[in-house]
Structure formats: C-alpha cells, structure tokens
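Trainee: Here's the letter readout for the chains.
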Amino acid sequence: MEDLRKKLLTCEERLTYLSHIKAGDEWGNIAGLRENLLTLRDSFYDLAPEKITTKVKSLEEGLHFLETRCEENLTPMERVRIVRSPLRFSLKDILENVYEDYTELGGAEETNIDPSMVAAKANILRRAKNKNFTQQVMVIGQEKGHGEEYRNGGSCKPWGNEKALRYMQVAQTEGIPIHFYIFTPGSFPIEDYPGAAQQIARNIYTMTKLRVPLISMISEGGSGGAEAIGLSDFRLMCSHGYYSVISPEGAAAIEGKIREGGKVPAELIESCAERLHITARDNLKLGTIDRIIEENPLGAKHDDFSFFKKLRYEVMRATDEVVLKTKSLRAFRAYELKLEKSGESVMDEPQIDISWDLNEDEIKRLLQRRSKKYRQMAKDSYGGRTANLTSFMQRLKNNTSKAYYSFRYDILRSQQKQVKQVIKDVSGESSVFFKQLTAPFSAAYDFIIRKTDGKNVKLPVSGGYGDALEFGDTYTSPLANEDRTVTCPNSEKYGCKDLWVPDLYGEFCGVCENCGHHFPLEYQWYLKHLLDRNSIREFNRTISAGNPLSSPGFEKRLQEAIRKTKRHSAIITLEARVMGVEIVIAMLYSNFRNGTVGAAEGEKFAQACEKAKLKRRPFLAYIHTTGGIRIQEGTLGVVQMPKCTMAVREYVDSGGLYIVVYDNNSYAGPVASFLGCSHYQFAIRSSRIGFAGPRVIRETTGSDIPPDYHSARNALKRGHIQGIWDRRDFRRNLHKALHTMGGRNLYYR
Amino acid sequence: MDDSYVNEILAQYRADPYGYVDSHTIHTGSINFYVKKDEKVEGVSGEWRHISGTKLYSLHREGNDKPVFSRSSGIVSSIRTDLEGKFVEAGEKVITIRYPLKKREIIEKILRRVLVPFKAPERAKYFFSLDIQSRIDKFGHRSVAVKPGDEILTMSLMKRDTPIYYQGEPGIIHSVYFQPGITMEQDEPLIGICPAEKLPVIQKVINRVKAEWE
Numbered sequence: 001m002e003d004l005r006k007k008l009l010t011c012e013e014r015l016t017y018l019s020h021i022k023a024g025d026e027w028g029n030i031a032g033l034r035e036n037l038l039t040l041r042d043s044f045y046d047l048a049p050e051k052i053t054t055k056v057k058s059l060e061e062g063l064h065f066l067e068t069r070c071e072e073n074l075t076p077m078e079r080v081r082i083v084r085s086p087l088r089f090s091l092k093d094i095l096e097n098v099y100e101d102y103t104e105l106g107g108a109e110e111t112n113i114d115p116s117m118v119a120a121k122a123n124i125l126r127r128a129k130n131k132n133f134t135q136q137v138m139v140i141g142q143e144k145g146h147g148e149e150y151r152n153g154g155s156c157k158p159w160g161n162e163k164a165l166r167y168m169q170v171a172q173t174e175g176i177p178i179h180f181y182i183f184t185p186g187s188f189p190i191e192d193y194p195g196a197a198q199q200i201a202r203n204i205y206t207m208t209k210l211r212v213p214l215i216s217m218i219s220e221g222g223s224g225g226a227e228a229i230g231l232s233d234f235r236l237m238c239s240h241g242y243y244s245v246i247s248p249e250g251a252a253a254i255e256g257k258i259r260e261g262g263k264v265p266a267e268l269i270e271s272c273a274e275r276l277h278i279t280a281r282d283n284l285k286l287g288t289i290d291r292i293i294e295e296n297p298l299g300a301k302h303d304d305f306s307f308f309k310k311l312r313y314e315v316m317r318a319t320d321e322v323v324l325k326t327k328s329l330r331a332f333r334a335y336e337l338k339l340e341k342s343g344e345s346v347m348d349e350p351q352i353d354i355s356w357d358l359n360e361d362e363i364k365r366l367l368q369r370r371s372k373k374y375r376q377m378a379k380d381s382y383g384g385r386t387a388n389l390t391s392f393m394q395r396l397k398n399n400t401s402k403a404y405y406s407f408r409y410d411i412l413r414s415q416q417k418q419v420k421q422v423i424k425d426v427s428g429e430s431s432v433f434f435k436q437l438t439a440p441f442s443a444a445y446d447f448i449i450r451k452t453d454g455k456n457v458k459l460p461v462s463g464g465y466g467d468a469l470e471f472g473d474t475y476t477s478p479l480a481n482e483d484r485t486v487t488c489p490n491s492e493k494y495g496c497k498d499l500w501v502p503d504l505y506g507e508f509c510g511v512c513e514n515c516g517h518h519f520p521l522e523y524q525w526y527l528k529h530l531l532d533r534n535s536i537r538e539f540n541r542t543i544s545a546g547n548p549l550s551s552p553g554f555e556k557r558l559q560e561a562i563r564k565t566k567r568h569s570a571i572i573t574l575e576a577r578v579m580g581v582e583i584v585i586a587m588l589y590s591n592f593r594n595g596t597v598g599a600a601e602g603e604k605f606a607q608a609c610e611k612a613k614l615k616r617r618p619f620l621a622y623i624h625t626t627g628g629i630r631i632q633e634g635t636l637g638v639v640q641m642p643k644c645t646m647a648v649r650e651y652v653d654s655g656g657l658y659i660v661v662y663d664n665n666s667y668a669g670p671v672a673s674f675l676g677c678s679h680y681q682f683a684i685r686s687s688r689i690g691f692a693g694p695r696v697i698r699e700t701t702g703s704d705i706p707p708d709y710h711s712a713r714n715a716l717k718r719g720h721i722q723g724i725w726d727r728r729d730f731r732r733n734l735h736k737a738l739h740t741m742g743g744r745n746l747y748y749r
Numbered sequence: 001m002d003d004s005y006v007n008e009i010l011a012q013y014r015a016d017p018y019g020y021v022d023s024h025t026i027h028t029g030s031i032n033f034y035v036k037k038d039e040k041v042e043g044v045s046g047e048w049r050h051i052s053g054t055k056l057y058s059l060h061r062e063g064n065d066k067p068v069f070s071r072s073s074g075i076v077s078s079i080r081t082d083l084e085g086k087f088v089e090a091g092e093k094v095i096t097i098r099y100p101l102k103k104r105e106i107i108e109k110i111l112r113r114v115l116v117p118f119k120a121p122e123r124a125k126y127f128f129s130l131d132i133q134s135r136i137d138k139f140g141h142r143s144v145a146v147k148p149g150d151e152i153l154t155m156s157l158m159k160r161d162t163p164i165y166y167q168g169e170p171g172i173i174h175s176v177y178f179q180p181g182i183t184m185e186q187d188e189p190l191i192g193i194c195p196a197e198k199l200p201v202i203q204k205v206i207n208r209v210k211a212e213w214e
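Protein chains in written order, with my numbering: chain A, 1 to 749; chain B, 1 to 214.
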C-alpha cells in the first residue's frame, strides 16, 4: 500500500509539473487526469489494492502519453517555464552531484555578499587507466535556489558580479580552469556602486584575456546577467534551457506597446518567445553556443542523477577540448579530433589523463583562439559585405598599411625614442659635469650681480588649443528654424526664462542660458562642431543592419529607418581630427532604431577598433544615444557585447587610448560591455546613463526610483564616469582629455 | 480670559476650516482652463514629489503652450472663467484651490502664531548643549526653560563646534524642529520657544483641537 501511495504522489507531482509547463490544465487531458487522480486519492483506503494498482497504472500510462506529446512539441515559452520551475536543477545540485567536493567562497548560503552568485573551489574526478585523478576547478554561477527567497531568483546584484570577478582572478592566479554555470533571468538593475552595467562591463573586459580555460553552461541565460559570466572558450547549453536578449514578457511589452502595469496577452508572449530564437537548437544554429547537452524529457530536475553524470562528462570533455586545442603535440590533436568526430553519442569517460595546466605558449594560443572565436560571431548576420575583389583589395590595402604603420610607429618610433633617451641622458650628465666646473665662477657671479629669482623663468604652457568654436557659426541646427519659445524643464526650480528656439538652437547651442540644461541636439551638430573642418573620412558606410532572425514586420521598420536617416546602421565610424589630433570615432546615434546595437553595429565598432589599432590612433566612442541591444536580433545582438569588448581590450592592450563620451540616453547592453569597460568615460551634461530604464527597474525590483536616478551627475557620484562636459566645451575638453590621458602616449604607448 | 481666548481661536478655524492656495499667472499669454469650479483636483505626489498634479490651465505665449499643474489637492473654489481664451497679464490670480485643514495643520498654524522661533544662524548640524540635553533627558523638553544668554545649542560646522547662545524672549522649549546630526539650512527654525505664561493656554487649545476636530 505504501508503495502505491508513493506512486500516486509521484503521479501528482508529474501532473503538477506538466500543468506548470502548459500554464494551466486546458491542454490535452490534464484536467481529466487530475480529476481521476483526486478521486483516487480521496477513495484510496476504500478501494481494494488490486483496483488501486490498475488505476495508478492507467494514470501513469496517461501521464507518460501526455509527457511524450508535450516533449515532442515543446514551444519556446514552455521551455522558459521549464527553466523557471522550482523543480529544475540548480547550481548547488551540480556542485553536489558533478563535483567530488567543494568549498563555497565569499560567503555561504544566506550569509553572503550576494546569495544569488555562488563561487566555489571544487574538485572533479577523472578516471584513467583504472586510477582516479582529481582536478581543481573554480565554479562560478548564479544560484536560483529551490524557492529560496534570499537567492533573488538568480538575479545578481552588482556586488555579486564583482564577487564572481574576484574569484575569476583567483583562478587565474592559481592557473585552474573556470566552469561557469548560468542560471539567471538577468542582472538586478540597480546603479548602486559598483553599478549593474559597469560591473558587467568590467567582468567581460577581464574575461576577454583571462589566462585560464573558460567553460560555460547555460540553463537560463538572461541577457546582460548571463554575459557577466558568459564569455568563454566553450559554451555549452542545456537542451531545455533558454538564452535570450530579453525575457519574452519584456519583449512582448515592447512589441505590443503595453503601458506600465497593463496585462500582456499570453499569445503575444508566446509569439515573442518564438521570434527571439531563444532555444538551444536556435542558438546552436546561430553559432552563439558550441554544443547542446541533452536533458531528460521535459527537462532535468534536481534529482535526475543520470543528467548530472552526463553533465560531468560534458564539462570535462569541453575543458579537455579547449586545453587540447592549445597543445602542439600531434597525439593530443588526434585524440581531440576523435572527440570531435564521436559527436554526442559517446558517453564514456575520457580514457587518458589530460593536464589542464597551460604553459606560456599554450596560454597565448588559448587567448588567440578565444579572440578569433568572438571576432567571427554573427559574421553572417549583417548586410553590405564587400565583393570578393573589393575585399581582396581591402586586405591588400590593410596589409600595406600594417607594414607602413609598423615601420613608422614600431621601428622608427622606438629607434627615435631610444635616440631621444640617449640624448637626454647625455645632456643631463653633461649639464651636471658642466655645473661642477662652472659652480665656483657662477657663485662668484651671483654674489656680484644678484639674480632676481623666478623673474625670467618661462612657465610651461599647455599646447596651442586655439579657439574651440572658431567656425561654430557655419552650422546651425535645423531645430532652430521655428519661431516659438520653449520652457526649460528646470524653470520651476531655477526660475529659467522661456527660450526663443532660434536663439536656443543657434547661438546657445541648445543650452539653457540660466541653468545650463542641455536640450537634445542632432548628431550632425557634433560632427560639425567637434571635428576639424574637412577632416572627416567615414569608413564602412556600406555595412548595413539586417533582419537575421526574419522577425516579422522588422524589415519594414528597418527600411523606414534607412530611408529616414539615409544610413544603413545605427553607428557611424570615421577618421577625423580634433584640433589637429588624428582620432578614430565610433558614433551611435538616436535616429536609427534608437541607437540600438545589432550585428552590423558590432562589426563596425570592432572594425573601428582595429583601424585605430592599425593606425595607432586614439579611439573615441561618442554615444549620441543607445537604447541597448537590438532585440529583433536576439542572441546575435547579445554576443556583440563580448565581441566588441574583445576588440576594445585588444586595442587597449596593444597601447591605445580609448575614451567614451555619453550623451542623451545610454542604456543596457552597450554600457554593460564595450562602453562601460573604458577607463575614461565622460558624459555631456543632462545626459542619462544606466543599465535598465525606470520602468524595468520598477517592474523588476518592485520599488520606484527618483527621477534623477540615471542622471550624469549621479553617475559621477557613483564613480561610473570621470567627468561631465558642457556641450559647448566638448571640443576643447576632448582635446584636453586626449592630451592628459594620452600625453606622450597619445599615438600609442 | 483663557477660555474666551481659546474659544476665539477655535471659532476662527471652525468658521473657515480650510486652507487656500492661489494660482497666479507666471507670465503673460492667452489662457485656457482645464478645470471647472468645484472640481476636485490632485496635488503633486510621489515619493520625490515627481508626479505632477491635475492640469489647471495652460498659458500660450510665442508658440509655447505652458501647462500649469495643481500643487495641492482640494477643490477649485474660484476660477476666472471670464478670462478663458483671453490674453492675461503676469501675476493675475486665476484659480484658488481650497483644501480642508487637518488637525496637524491647525495646530501648526496656532503654534506659528504664538511660538517664538529660534533660527539656524548657519547651514550646519546642531546639537543641544550638554547641560540642556541632560535636562531634556531628565524632564522632557517642555520642562526646560531658557533665557537670553543661555548656551542652548552647539553648532557643528566643518568639524568645529561653536556654542550658540539664546537671544530672544525667555520661555520654555515647546517644539524641536531639528534632529541631532542632520544638516539644517540657514534661517530654518531650530526650536520654538513659548513664554511660560502662555503654555497652559496653548496646551488647552491643542488639546481641544485634538479632541474636537475630525
């Protein structure tokens, strides 16, 4: 009887799980089965055991049939619900079942800087030649907990991501691989120090060149939160997991233009989940992950031990592969090839002991492979690629330029530097020697004719800056062509008078005379006022944004943006001069899909980094506006975060100077990656910088934020940016920043 | 005498238990109203007073339609509908919002009439002097009498403590408006002093307001 009662309980659990996946009892015969189950449960002790056995068996058969049908036709939204189920396995289950033993670092359970991020030093067992070997790894990942409130559903606070970064660096010091487990619906969108966006950016920036093998596994990959620990040499994904740019509910609220607090229709959420291409199969096809780990039907739960065995094998195999690809020995390569050919069917333990230690050359190869892997991501997801001949010519030109700039800056400049150093040393020595000889004479001379101290001393003067707006009157904003007045938003606070539009957008450069509030201006104004006249040379103009996921209706909206802006993407990349200083600029602007970043924008940005690197120019990212990652491109958009950060890191590491200037509104993915990682970030007055907008914050955290939460002033207070510039002084300030930040290393260290 | 004084004050508020907020035009322009007489309006709300109230009227000048919102909740008690669509001068009273006074507001108004405020001489943090603080701790602040020349407060500014001596009418400390360690702006009242003889009367008024007002 006890056995039957347990079986009945299991049936009830399975039925509840099924109804959770299907979001109700309407599908199939769930309602009928539930009714049968309840009747059986109520009359359990009234019936004969044989009858109960028959009824339980028929229930089990019915359930099995439904589960099989459900698994066959799982929709993306159903996968999302599987992932969100409290029965799903979590990181603690993995630590318990995949690794031999582990010690949690940086806090334990609830007593923790952020219980939603778990870092642990763990041992994994390898069996080879009938012997057991343990290998150390650092395990870092989000912990959703099974209904534990303090875990915050795996939504990490900025300090949780900071903790992850700290232990990544520990792993680097110890030279052990890192296994990342991604279980997050997204990062907790708060700006408190170190700041959601800024911390994710720092994580990604560090991970680009972390000198140990990085393996990640995605179960629930919610955009920026996932990227904070997602950049890796090998990306695994669970077959029932999801990896997305935004939650389907969030996408539906945007697509359906649902007002805050309004109900989003379930059908719209379903169709958005479909359009976002969030499943493991979709992501494998898109190239954003490397391999899928097959789960049990309807997803692995916390007690599916066969899955943990498979997972253990997969993470070891992935680590082996990453390590082997860096080795130069042929035997290892052959073994690696065998692994590749064997595909997913092989489930044996690797039979040889592979050391995960890497020497300097292997680390170099590891980093090169990582760089190449991310550089290639989403390569086919934009338009406007050059034809073969043009591309050949381009390559030829690039190689010639490379040779020229290497000769000019690496060889000539280093020679010049050495010669200068020698002259400096010799002149310094000779002056000391000469001083010793002439000292008695000069003392006597001073005694007779006393010098007045400091009278003829020439003070060092800063370089000729010239007038910042010497030709500022040549361009007037089209906004000025209206005969009316506008009210400054600060008029109540500071008593600002109404401003006459032709004055405001003409002479005042869109700045309130009284309080200094900056009204938004079009990006063309900056092109004209920031850069030297006739110095602009735009490049990669033809690379165009596309619709790689064939999102319905998006093609039309894209064409509309192209028609309106006469441009093909939301980014302009150009070479220009600022008061004589040659720089490369990438400019995200608002008119084109609100400055969102997709594959085309990411590619253009990465190419701009490469150009700046090639030509040894300082690199400026001027962000007129960015609304984040373009959701219509799904994870192809998300991978632009690591891709562009990789390009930035390589540029900075090679000696470049990277400056970011934010204007108007800069939010989400780009700030949380290739912009936020800059060492020098500035903002134009009255701009807003942040991770998520006020609505998302209200909906995620459940509490309201002050109206100036994202203001540049508050960003400065939190230490996210280094300064706030007046638009009218942009040119002068930028020139000064290039000199102070770059100095003698302006054209490379 | 006491009772008649108390009754006089109470009768005043009972006859007209409302507060009034006038809205004057901030500049010239043609005016358009968005509310009617006796209509209920909402005031500024939100944790940071960031949600504007009901739109009362708009002033149109030089192509700029400037909306004016209600600052307090209440009822439109008077409105110059005769000016609808017409040009108005700056400073013209166009709308009055009437709102029922709460107990707290009435008590505050009464206290404002009778208490002598002692204002902050600088923008700084304030503490009671040790002597006064120990008496307050022992007997409560309404039992502490002060007279001109007494050292009553310590002003903490830029890590330097300066004693502040009381100047004004002698009396007892009736109300304390500051919190130790919180910066107070210059000229904000720090304490309200009540002449000793007026204290029972004030207490009586307050008690009656608390008891009788709804």
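A portion of the hints provided could be inaccurate.
[As the list claims (entries may be wrong)] Straight-line distance between alpha carbons at most 20 angstroms, and here's what the computed EDC-like set of lysine to aspartate or glutamate pairs gives:
hint : chain 1 : residue 1 : chain 2 : residue 2
1    : B       : 93        : A       : 357
2    : A       : 497       : B       : 92
3    : A       : 497       : B       : 89
4    : B       : 66        : A       : 492
5    : B       : 66        : A       : 513
6    : B       : 66        : A       : 653
[Claimed, not checked] Rough simulated footprint, nothing fancy, chain A against chain B, three-plus residues with beta-carbon under 8 angstroms:
hint : region
7    : 46-58
8    : 125-137
Don't read these hints as lab results, they were simulated from the structure. The beta-carbon is built from N, C-alpha and C at its ideal position, and this holds for glycine as well.
Trainee: If a hint holds in the structure, say so; if it doesn't, say that too.
Mentor: Hints and how they fare:
Note on residue 93/B and residue 357/A: the hinted pairing is violated, with a Cα-Cα distance of about 82 angstroms set against a maximum of 20 angstroms. Between residue 497/A and residue 92/B the alpha-carbon distance is near 18 angstroms, which keeps this suggested pair within the 20 angstroms criterion. With a CA separation close to 16 angstroms, the supplied pair residue 497/A and residue 89/B stays within the 20 angstroms bound. For the proposed pair residue 66/B and residue 492/A, the alpha carbon gap of about 12 angstroms is at most 20 angstroms, so the pair holds.
Simply put, residue 66/B and residue 513/A have alpha-carbon atoms about 19 angstroms apart, close enough for the 20 angstroms limit, and the pair holds. Proposed proximity of residue 66/B and residue 653/A is contradicted: the alpha carbons are some 53 angstroms apart, above 20 angstroms. Check result for the region 46-58 of chain B against chain A: holds, 4 residues qualifying (beta carbon to beta carbon below 8 angstroms, three or more required). Given a C-beta distance limit of less than 8 angstroms, the hint that chain A covers the region 125-137 of chain B is violated, as 0 residues qualify and 3 are needed.
Figure legend: structure checked against the earlier numbered hints; hints not met, in rising order: 1, 6, 8.
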